[in-house]
Each structure stands twice: as structure tokens, then as C-alpha cells.
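Construct all of the structure, not just a fragment, from the sequences and the given hints.
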Amino acid sequence: MSDAHDHDPEVELTSALVPFFVITNGRALPPDQQYERTALVTAHQDTAAMARTLAPEEQAIMDLVANRMLAVAEIAGRTHLPLGIVRILLSQLEESGLVLVRKPAPRADSKDRELLSAVLEGLKNIGA
Amino acid sequence: MYLDADDVRSVKVLVVGPFGVGKTTYIGNISEIEPLQTEEEITEASVGYDDLSRTPDKTTTTVAMDFGRLTLSDELVLYVFGTPGQERFKEMWEELSRGALGALLIVDPQRLDESFPVLDLVERFGLTYAVGVNHFEGATTYPLDEVREALNLHPDTPVVACDVRDQKSALQALIALVQHLMSLLD
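From first to last, the protein sequence lines are chains A and B.
Per the working numbering: the first sequence = residues 25 to 152.
Per the working numbering: the second sequence = residues 1482 to 1667.
Rather than coming from a laboratory, the hints here were simulated on the basis of the structure.
Nothing false has been slipped in among the hints.
Distance ranges between label pairs, derived from CB positions:
1) Glu1515/B with Asn91/A: 19 to 27 Å
2) Ala79/A with Leu1625/B: 48 to 56 Å
3) Phe1500/B with His104/A: 22 to 30 Å
4) Leu1665/B with Ala90/A: 35 to 43 Å
Every residue gets a Cβ at the ideal spot worked out from N, C-alpha and C, and that includes glycine.
This is the structure:
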């Protein structure tokens, strides 16, 4: 099961010539922004008129999350950027109000019968 | 398709097992997207909990971790993460196990002893798990009860045969895990 139209060969940002601290403008991740791998990210509606010019890597992320929700891990996978770099870029985009980040289900949810039923039903539908 | 941020939830399950047991193949077979990788810098010597990643004189190694996605409904997305089983990745385990529904431990019946360090990590991080016994081509079928006994598993822990190359079989192992999670609520 591959999702051909999801694959975007254009998003290829890694280069030995550009050190990662350049991509992040030398910024580190704020300690209160620990984006988990399964946190879902989507572009804010009406971000067409952006206040600032985005770096190519930030623009690539914005393009990926336009009109859909993608997990932090998936953004890293598709941009071929290390997770740590993606987290820093996301914190900048969120700070600028360009993206929404939805935290993954908290741990207590593994005791959530309704959620587990939904997972089970979904898995059975795929396997059917 | 635009999904309203308020309506979509994500959950995750870990796929764990010793090196070369078939985690990547497993994820490739159940994921709706090509398996992707995230890169993570791991300190070679995993000393305590200090963040050594910005210390230039420490040896770091980049670890690629596979994951896949299954859209279960309009509101629910399941991410499956393949997690390396070595002790030195325990910081990665710490983050990945947080909020995970549970883990699927894939074992090779020919090399059961290699599963113990992974089993140890699964239990240490308090993950509910099911065991999928991978059947490799040409391998003699191994009675599931013997695997249970050899790994000294709790009688309630599901042990299922699981061909990681077969989508249906791979999904069955995940289903067994979720059913087990639900049975724990009874």
C-alpha cells in the first residue's frame, strides 16, 4: 500500500554544504517546546499573507502541512531533516502563528475503551 | 482533503525487536505510506540523562528510525514506530513509550535469546505488549507455547504467529495487541 501522490521528491533539503545551525538561524529549541513525534501539525488557514519571508526549509514544511495534518516524525521523514532541526523550525513557525500543533493522545488514553475500539475497528477494516 | 484540527487524533504503537528480526519489513507491509525515517542523534555512550548532543567532543551517531502511518478513520491516525532494541537507545524509548498504546514485540524463534534485552526495555517502560513470532521461510514452525515458555511470558500476554511479509498476518498481530489492551480494561 503506497500512497503515490503523497510522495514528494521535491522536498530534498539536506546538503553537506549547509550546516544545520544555519537552517535554524543558530536557534535552539525552547525547553517548553518538546514536540512529540506523533504531534500533528497543520498550517493555519489564511496564512497566504505571511508577515515574514520563510527560509526554504520552513517553506517546505508549510507546503507539507497545507490542508492536512502531518505528524512531526513524518515532516522530518519527508524533508530528510533530523528531528531536532524540524522541532526548532516548528517552534519558530508556531511562534509566528503559521502552524497549529495538536498534541498526541495522552498516555491515559491507552485506558480509553472508546479510543481502543476505534483503533480496533479501523485495523479490522483495513485487514478486511 | 482538509481535516479539522479539532477532530483528528493520533495514536502510536511501537514495533520492537532485536536487530534484523523484520521490523522494517513489518512496517513497510502495514503502512499506507512508504516507510519513512527520522534521524536522531544518539550519544554512543548513553551516560545518564544529560543532554550531550551539543557537546562537540562526544561521539554521536545518527540513528534512523522507521515509521509508518495507518489512517484508521477520518478522525484517527495510527503511527507505527520501529524502535531499536539496544540499551543505548533508552532515551529514544523514553520518548517513544510516552503516550504509546503499547508495543508489538517481534521475535525470531531461532534466536529467542536476542529478544530478552528488548523484552526488558518493554517491561521497564511499562508498555503493554503482544508477541509476534515471525515465520521465516524455511524455518521450522515453532509452537507458540514454547515461545511463551522460553520468554517466560505472562499467561495473558498474546503470542501470535506473524509473517512480517504478509499484510494480513502483520495486521492480525496489531489487532491481537489492541484486543489485549481492551481485555485489560475488563
